[in-house]
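Undergrad: Kindly generate the complete structure, drawing on both the sequences and the hints.
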Amino acid sequence: KAGVTQTPRYLIKTRGQQVTLSCSPISGHRSVSWYQQTPGQGLQFLFEYFSETQRNKGNFPGRFSGRQFSNSRSEMNVSTLELGDSALYLCASSDLQGAGELFFGEGSRLTVL
Amino acid sequence: AQSVSQHNHHVILSEAASLELGCNYSYGGTVNLFWYVQYPGQHLQLLLKYFSGDPLVKGIKGFEAEFIKSKFSFNLRKPSVQWSDTAEYFCAVRSSGNTGKLIFGQGTTLQVKP
Numbered sequence: 001k002a003g004v005t006q007t008p009r010y011l012i013k014t015r016g017q018q019v020t021l022s023c024s025p026i027s028g029h030r031s032v033s034w035y036q037q038t039p040g041q042g043l044q045f046l047f048e049y050f051s052e053t054q055r056n057k058g059n060f061p062g063r064f065s066g067r068q069f070s071n072s073r074s075e076m077n078v079s080t081l082e083l084g085d086s087a088l089y090l091c092a093s094s095d096l097q098g099a100g101e102l103f104f105g106e107g108s109r110l111t112v113l
Numbered sequence: 114a115q116s117v118s119q120h121n122h123h124v125i126l127s128e129a130a131s132l133e134l135g136c137n138y139s140y141g142g143t144v145n146l147f148w149y150v151q152y153p154g155q156h157l158q159l160l161l162k163y164f165s166g167d168p169l170v171k172g173i174k175g176f177e178a179e180f181i182k183s184k185f186s187f188n189l190r191k192p193s194v195q196w197s198d199t200a201e202y203f204c205a206v207r208s209s210g211n212t213g214k215l216i217f218g219q220g221t222t223l224q225v226k227p
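Sequence lines, in order, name chains P and Y. Be aware that the first sequence starts at 1, since it is given in the numbering used here, and climbs by one per residue. Be aware that the second sequence starts at 114, since it is given in the numbering used here, and climbs by one per residue.
Don't take each hint at face value.
Stated by the list, open to error - In silico DSSO-like cross-links for lysine-lysine, where the CA-CA straight-line distance does not exceed 30 Å:
(1) Y:K184 - Y:K171
(2) Y:K162 - P:K57
(3) P:K57 - Y:K184
(4) P:K57 - Y:K182
(5) Y:K171 - Y:K226
(6) P:K13 - P:K57
Simulated from the structure, these hints should not be mistaken for laboratory data.
TA: Laid out in structure tokens, this is it:
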């Protein structure tokens with residue numbers, strides 16, 4: 001089986017812009033979660049989607065949003081980018097309706113200038 | 114709020130030394146516990162997990178962990194480390210019902226000297 005695939009792998013944006021990141025889960029996995037990884041804050045949970053519905057949400061401002069499509073692929077969007085949004089954004093998928101282990105992608109590294 | 118604490122931020126060992134990384138969590142209910150590893154330039158990979166049953170869990174590459182409920186701990190161990198174990202190690206907790214939401218510790222960077 002192919003692993004979790006995230007695109008793009010690297011991107012550079014400027015403050016005020018918006019960005020959309022994409023995640024394709026492992027085939028058959030319907031739960032997709034997003035995490036932000038920074039040197040200062042570590043790994044922080046953003047949100048989880050299951051069957052096109054947001055099922056769980058972390059403590060991030062409304063500028064961070066996501067969605068899931070009927071084929072379980074997911075996107076996350078960050079609007080009005082701030083310098084502090086520079087991070088590695090990780091996507092993870094899980095089977096067993098989200099109760100299984102999480103399989104992580106390689107991440108999308110966002111740099112905000 | 115739930116939290117996970119990893120005792121050591123940076124550990125340096127020589128090859129063949131024994132390893133123990135501490136992990137404590139704060140949550141009184143049922144939990145799933147995980148140790149993930151991130152090798153340089155690679156994605157997070159699962160080392161081992163505890164869902165229920167035998168509290169001594171064996172994972173990949175000779176790693177094991179013991180869940181001690183009374184101490185809210187899930188320490189990672191390996192009897193003899195190798196240079197290839199150089200990586201960052203993360204402990205994570207998921208509380209019952211919180212599918213997809215892992216609370217991670219800050220991570221421990223392990224450097225193994227050949």
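Undergrad: Each hint should be assessed against the structure and marked as holding or not.
TA: Structure-based check of all given hints:
At most 30 Å may separate the alpha-carbon atoms for a hinted pair to count; K184 (chain Y) and K171 (chain Y) meet this at roughly 20 Å. Simply put, K162 (chain Y) and K57 (chain P) have alpha-carbon atoms about 23 Å apart, close enough for the 30 Å limit, and the pair holds. The hinted pair formed by K57 (chain P) and K184 (chain Y) meets the criterion: a straight-line CA distance of about 28 Å does not exceed 30 Å. Under the criterion of a C-alpha separation no larger than 30 Å, the hint pairing K57 (chain P) with K182 (chain Y) is consistent with the structure, at around 27 Å.
The suggested pairing of K171 (chain Y) with K226 (chain Y) holds, with an alpha-carbon distance near 24 Å, which does not exceed 30 Å. The hinted pair formed by K13 (chain P) and K57 (chain P) meets the criterion: a straight-line CA distance of about 25 Å does not exceed 30 Å.
When held up to the earlier numbered hints, the structure conflicts with none and fits them all.
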